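> Below are the chains, spelled out letter by letter.
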Amino acid sequence: MRRVASLGVFPLLGAALVAGLGCARPIKTGDPLPGLTKQQRELFEQGRKVMEKQFTPETGLGPLFNAPGCSECHEDPVTGGRGDESEVHVALLRPDGFCDPLAERGGPVIQQHVTPALHAALGIESEPVPPEATTRASRTSPDIFGFGLLDTVPDSKILARADPEDRNHDGISGRPNRFTDGRLGRFGRKALVPTLREFIEGAFVAEQGITNPAVPTEESVGGSPLPPGVDPAPDPEIDQKTVDAADAFVRFLAPPAPLELTHLAKRGRVLFSRVGCAACHVPILKTGKSPVKALCHKKVAAYTDLLLHDMGPDLADICLGLAAPSEFRTEPLMGLHLMPRFLHDGRADTLEKAILLHGGEATASRARFQALDDIHKKALIKFLESL
Amino acid sequence: MRSRKVSPLLVPILGLLLLLPSRAFSGGTPGRASDVSSEGAAETLVATVCSCDPEAKTMNLLTGCGHALRMVKISVPSGTKLARKGQSLRLSDLKPGIIVRVQFRKSEELNLAQTVEVQEPGGGR
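Protein sequences appear in the order of chains A and B.
Everything in the first sequence is counted per our numbering, starting at 1 for the first residue and increasing by one.
Everything in the second sequence is counted per our numbering, starting at 1001 for the first residue and increasing by one.
Source of the hints: derived by calculation from the structure; they are not laboratory data.
Among the hints, erroneous ones may be present.
[What the hints assert, rightly or not] Below, in silico cross-link-like pairs of lysine to any residue (SDA-like), each with a Cα-Cα straight-line distance of 25 Å or less:
#1 B:Lys1095 with A:Asp96
#2 B:Lys1073 with A:Asp163
#3 B:Lys1073 with A:Leu322
#4 B:Lys1057 with A:Pro128
#5 B:Lys1095 with A:Leu93
#6 B:Lys1095 with A:Pro128
Here the structure is a predicted model, which means the values were calculated and not measured.
Make a model of the complete structure from these sequences and hints.
As structure tokens, this is what we get:
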């Protein structure tokens, strides 16, 4: 009896050793980066609460807003994931070529909702689109996994891939966008925003109408000031600690783990480079120095170069910063297996359709994809579905 | 054992440093800084020229944070030093899209420029 019992202990002990000591727990979607300190993980969890908080007019929401909370648009399959909302952006492309984001008329983001107080005062359901706007764009809400790693890629690494004059004659001429003060941009579909911190600070105001220490003023209503009495919360409506927590949550979100590659998908990975996708969707970026060990000198399988590329007239919408209407930042493909729709406005419901909608600099790659036989096309799609 | 002497200034300095707001995770800040002097708040803004009106002696500068973009109107009185790489400029030379570093002071409702200098893009990480 004792012998049997003792024999039974060994497999259990072995399993416990493997589970507890031998293998790291696999990263699940929505997990923080591995290697964070206890303090950083606590801040991450505080940030999750900020992301999931539903704001009200009394706690700062609006008067103009797209959503009452961050996780309203970054929710699927977990907080930080994609959303099913689409929003409206506008711009004025002047005859002299200057791209005016209509900051004097309420800015490029057209908020789709208003608080009851603003509705009562002005009788509007959403921010009016300024009549000067020459172009209008629809934007889906992407997931924000792994963005802290993207933020830590040095400018020099991004600029090293820029080839605005296409001097190597490969038909690919990525170029950087610049923020209003000239710094390199990398966040947003048009790569306007230089840092993750500013993207978050700006999004609190432009998406939720929540002023904060970095942006202490509300959006105007198409350029007109807010009527008196419609904004009950004093500015700034959230404090620095709250912004820091939200920043930590997004910054420390791990990229989604790619799915295991099948034999077919492995063939697709080779084709991804051969067809030319990898010229812009650069498979690996390396981060630079960071005070956060989990972000410092890491490789991230982002599948982007964070540069602007001409995607052709069919996809063109607004200009933003230096980005022409047809120029978009190469969309990171990490987490692609979690996405049900593709491209900046979600117009493609399959990956194959998304590839076929690539124009401009991607025309040659698209043609090479179209020339593949069915099994090779399937292999490439299988690879993309694993990311 | 040798005893270490701690400067009496060190403790309050360290205390003040702890009270400063943390920007530990910040990759950068928008191009705006202020310096309070006895004459009032002097500010520096690096922004894009959106429009210029030489007759009214004003310019509208595009600035902001993320996608929350803002317009700042700056008055450029006669005698304001405008330059590009040390060369003098006229206000009419500041075309839309040019990036400028402006030192200005707030005076009642106006932002009064003191110096305007054309900047090259850059200043990143």
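> With reference to the structure, classify each hint as holding or not holding.
Checked hints:
1. Restraint check: the Cα-Cα separation between lysine 1095 of chain B and aspartate 96 of chain A comes to about 10 Å, which is no more than 25 Å; the hinted pair holds.
2. Distance check on the hinted pair: lysine 1073 of chain B and aspartate 163 of chain A sit about 35 Å apart at the alpha-carbon level, beyond 25 Å; violated.
3. A threshold of 25 Å between alpha carbons decides the hint, and for lysine 1073 of chain B with leucine 322 of chain A the separation of about 22 Å falls inside it, so the pair holds.
4. The suggested pairing of lysine 1057 of chain B with proline 128 of chain A is violated, with an alpha-carbon distance near 31 Å, which exceeds 25 Å.
5. Distance check on the hinted pair: lysine 1095 of chain B and leucine 93 of chain A sit about 15 Å apart at the alpha-carbon level, within 25 Å; holds.
6. The hinted pair formed by lysine 1095 of chain B and proline 128 of chain A fails the criterion: a straight-line CA distance of about 29 Å is larger than 25 Å.
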